[in-house]
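In the numbering used here, the protein residues as written are -11 to 111.
Worth double-checking, as some hints may not be accurate.
What the hints assert, rightly or not - Simulated restraints, written as ranges between beta carbons of each label pair:
no.	residue 1	residue 2	range
1	Pro19	Val82	20 to 26 Å
2	Arg90	Val36	39 to 45 Å
3	Thr85	Gly39	30 to 36 Å
No lab work stands behind these hints: they were computed from the structure.
Built from N, CA and C at the ideal position, the CB exists for glycine as well.
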Amino acid sequence: MEQLTKREEEVMNKFWEKGEATVKEIIATYPEPRPSRTAISTFVRFLVDKGFLDHKPAGNNGFIYYPLIEREEYCGNNLKNVVQRYFNNSIRGVISTLVRDRKMSDDEVLELINQVIEGNRQE
-11 MEQLTKREEE
-1 VMNKFWEKGE
9 ATVKEIIATY
19 PEPRPSRTAI
29 STFVRFLVDK
39 GFLDHKPAGN
49 NGFIYYPLIE
59 REEYCGNNLK
69 NVVQRYFNNS
79 IRGVISTLVR
89 DRKMSDDEVL
99 ELINQVIEGN
109 RQE
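Let's have the full structure, built from the sequences with the hints guiding it.
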């Protein structure tokens, strides 16, 4: 799965929130000053080319675009890439970093340990 640029991900998040939408509807979700139709259309085209969106005719309104990939799938793929790239494919390394840098509370660590124990029991 290809990585999205920051702007592509921003536009994709709009589709994940709305589901199906036209370019005009996506533009309307932005606060003023809104991005141009050309800018959003360009990012939508990139998302179609990368396989994140598809479209269907919408009468005189152009096309209705819809996500082909769920947000959770994309986020999970990104997380796998981070773990592989920065932690030598080690979940232990990720957790050690989070605990060491105090990004996880003691309660969160205990909850994670319990989830691992439960997961092992179910296997």
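Query - Structure-inconsistent hints, enumerated in ascending order - result: 1
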